[in-house]
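Protein chains in written order, with our numbering: chain A, 1 to 256; chain B, 1 to 354; chain E, 1 to 291.
Among the hints, a few may not be true.
Stated by the list, open to error - Chain B stretches covered by chain A per the calculated footprint, using a threshold of three residues with CB under 8 Å from any CB of chain A: (1) 89-97; (2) 101-108; (3) 147-159.
Note that these hints are calculated values from the structure, not bench results. Glycine included, C-beta positions come from ideal geometry on N, C-alpha and C.
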Amino acid sequence: MRQGAVLPFAFTAAVLLFLTVPLVLCMLFAFTTGNASSLPVPGLGLRWFRALDANPQFWAALSVTAQVTVGCALASTLTGLLAAIGMTRMSTARAMSWLVVLSLPLMLPPLVLGLALLTFFTSVGLKPGVTATILAHLVFTLPFVTGVLYARLSTMDRAPVDAARDLGQSPFGAFRDVTLPALGPTLIGAMLIAMALSLDDFVITFFTTSRNTLSTLIWGMMRQSITPEINAIGTSIIAFSLSVTVIALRLTRYRG
Amino acid sequence: MAAASLLELRGLTRRYGTMTAVQPIDLAIRENDFFAILGPSGCGKTTLLRMIGGFVQPSDGYVLIGGRDVTRLPPDKRPTGMVFQNYGLFSHMTVRQNVAYGLRLRRRPRAEIGAEVERMLDLVHLSPYADRPAKDLSGGQKQRVALARALILKPKVLLLDEPLAALDLQLRKAMHQELLAIHEAIGGTFILVSHDQTEVMTLANRVAVMSGGRVAQEGSPTEIYDRPADPFVARFIGDANLLPARRTGGVILLGDGAPPIPSPGADAAVDVMLRPEALRLVAGHGSGLRAYIEQVVFQGSHVRVHCLAKQAGGAEMRVTATLGRDVLPAGSGQGAAVSITWAEGAPLVLPAGA
Amino acid sequence: MRMPDAERAQLRREGLKTALLMAPAVIVFIGLFVAPLAWFFVQSFWRNATFRVVPDFQFGNYATAFRDYGGVLLRTLGTGLEVGGITTVLAFFFAYAVRFALGRAGPLILVIALTTLFGGYVVKVYAWRSLLGLDGILNGALMAAGLTDAPVEALLFNAGAVTVTLTHYLLPLAILPLYGALADMDETVIAAARDSGASAPRTMFDIVLPQIRPALIASFAMSFLLAAGDYVTPALVGSPGNAMYGNFIQSQFGLRMNTPLGAAMSFSLLGCCLLILATVWLVMRRVLRAR
């Protein structure tokens with residue numbers, strides 16, 4: 001190792017600690033047998049996960065969260081897939097400008113987007129609830145999903161599709177027989193990315209939901225008292241979105 | 001429709017915006033021809049082939065196959081089969097599934113599909129690989145799968161889009177033999193697009209040379225080699241000396257010592273084509289085009305001799321001869337004086353080109 | 001020969017197919033982004049009466065947004081600039097080290113950093129709150145080390161805690177575009193600059209930074225916008241005394257139900273942010289240009 005590499009290593013190590021330590025500690029305290037999220041930890045156990053299991057609020061929030069994330073993932077993947085196919089029929093420059101336009105909602109602070117949606121939904125008579133939250137999440141998951149799917153579709157070899165057409169398959173049949181199998185992993189990856197983004201959101205959920213999701217449940221619990229039960233929920237969220245992300249990255253990056 | 005031309009192109013044109021990729025082309029290809037479209041990259045040959053296959057819509061003109069207008073038919077409705085440059089294999093399927101795909105679409109009985117696939121795999125020598133995933137094959141094997149997959153449907157016209165361009169030289173030569181054997185065995189009309197003149201010479205019995213979106217010349221390989229229509233074709237097919245000269249009073253003088261070449265026609269600037277292998281060298285300045293040896297390049301079975309000669313006008317010109325080593329005159333070092341001779345019918349007079 | 005009409009009809013059919021494919025995305029974009037934002041903007045000119053809003057066209061809400069909340073707005077933009085600046089600088093050095101200095105350990109370090117991308121925004125805020133709290137880990141550590149006898153209150157509920165928490169949340173997001181841009185950069189360009197006699201810092205300013213300027217701006221814009229628009233972090237780890245603009249916007253939708261004022265405040269904040277970003281963009285273009 002070069003001498004000059006000491007400083008970069010020290011710096012990146014410090015940044016890594018800054019990024020990971022709070023989350024690692026948060027997960028550690030979820031397994032404490034003590035009463036508080038603090039050091040020293042008297043022992044490790046599943047006490048607070050059992051408390052969570054016995055908490056009906058948690059199960060209700062989990063159910064709402066599941067409906068929202070799955071609904072949002074399906075809706076945005078379908079919409080994004082159609083858009084990505086449409087974009088492959090245009091010139092690259094044209095497709096890129098579409099992508100930029102569709103990404104505009106990401107430039108808006110979530111607070112403003114959430115409040116605008118809240119006001120709009122109220123005006124058109126859409127009550128806060130799972131549907132409203134799914135629609136709201138669609139706004140910021142769609143650009144990611146479309147981008148990922150377009151990137152894959154536009155670099156895909158066209159010859160197999162042409163070959164299928166040449167051998168007598170219809171355009172839709174060629175899409176089903178050739179494009180879809182090759183796209184499959186990316187499609188699942190895109191769906192998982194949408195799930196992770198939806199799960200990660202708090203602000204927009206807060207303004208559009210009627211019942212607690214996991215993230216609004218944490219918010220509510222934090223305003224009352226802080227117990228390792230919150231760490232247990234947090235740990236579940238971290239574990240879930242981490243595994244979803246890892247799978248998504250593997251599927252979208254490392255395969256055909 | 002006598003003297004059946006199987007495939008007919010009439011005024012076939014393709015424009016992209018203001019750019020014309022394929023100028024109006026008329027072409028007739030007979031049944032059982034192995035027809036080659038030869039040209040440098042960007043000459044429009046692949047666009048032409050894709051219009052025949054139905055992948056590119058012509059801006060104008062017609063494609064007729066067996067007398068039937070197929071211009072507006074999509075690829076799946078045409079009696080054409082295509083072999084793609086980068087194979088276009090279905091990478092999630094096995095070799096067998098790839099080859100069987102077209103017959104499965106046509107809902108043939110399973111037994112028939114199985115037998116046909118075996119026959120095709122046998123034809124391209126891939127039977128041992130039938131159940132391998134297509135993506136695990138080597139380049140040459142992939143190309144043979146693509147060939148079998150197209151041939152199994154017995155297309156009236158087989159379109160080959162630079163099918164061997166991705167293979168190395170040895171493999172390409174082996175595939176040439178195989179393609180010829182397959183054409184022999186099953187017959188049918190093959191149309192090959194290539195930029196490799198050796199490949200075209202080896203495989204095709206008819207050739208169209210394309211340049212700048214139009215067909216510069218069409219004919220048999222020997223016709224095109226021996227009687228190129230213009231300097232472009234002469235240079236593109238094989239080596240050629242294109243010597244600038246003037247026709248004056250029906251005669252062309254190439255330079256000092258060269259016999260006058262009779263050439264009827266009005267006075268004009270011309271290019272005289274002489275193939276390097278048609279030239280002979282004689283030591284010293286005797287009868288023949290007087291020149292000096294500039295460089296001798298050893299090429300194994302033969303040598304290339306680059307000579308400098310003077311045009312009739314006095315300007316220098318370079319003439320290359322390809323000789324057997326045994327006929328190279330003794331003492332042919334750099335700077336040696338030589339006379340260049342040729343048989344009477346060897347020079348071909350072409351309109352002056354670029 | 002052929003009727004050009006046939007060709008045109010075919011083109012139109014193809015165009016129609018593309019349009020149909022794009023339609024759902026366009027509906028989402030218009031119906032869930034453009035329309036709500038436009039409607040929100042319209043409402044910012046309305047008037048708030050008791051328990052209802054009255055259509056109007058007046059700038060009173062904007063006047064209030066700047067007059068009553070001007071100080072908060074300035075402080076919020078300041079926090080946004082601070083967090084955006086710190087985050088972008090840290091993210092750049094991190095991405096640069098990963099790309100050029102760490103060799104084969106680089107990708108692994110990057111992956112570890114990016115695993116913190118997800119995990120939930122509220123979870124992260126909560127993690128910091130439990131870290132910095134009175135009975136939190138940091139105080140526990142300080143006391144165990146004998147540095148203090150009593151817990152230090154100053155750790156939580158202040159502007160510093162807000163900055164740290166927001167930086168923690170935004171850093172992995174800011175690393176992404178910067179690493180992407182640096183990964184695309186040709187290493188030989190840097191070698192060539194050094195070879196032509198440029199010092200390491202000169203190379204940085206003349207070659208590296210100008211080449212990745214779009215990514216720098218993207219990272220800064222994202223962290224600045226998200227920090228300036230935030231209200232969760234200040235509410236949970238900040239003090240009531242230094243609440244941010246977002247907290248006041250949000251409170252217009254809670255008890256007071258003053259949508260027009262809330263909308264006007266949202267657009268005031270957005271407008272100021274875009275103004276600052278435009279300035280940053282112009283400055284960056286001047287400072288980081290090819291010389």
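Taking the hints in turn, this is what the structure says about them:
As drawn, the segment 89-97 of chain B meets chain A at 4 residues by the rule of a beta-carbon pair under 8 Å; at three or more, the given contact holds. Counting residues of the segment 101-108 of chain B whose CB lies closer than 8 Å to any CB of chain A gives 4, so the stated coverage by that chain holds, three being the minimum. Here the segment 147-159 of chain B counts 3 residues with a CB under 8 Å from a CB of chain A, which clears the bar of 3, and the coverage holds.
The structure shown violates none of the earlier numbered hints.
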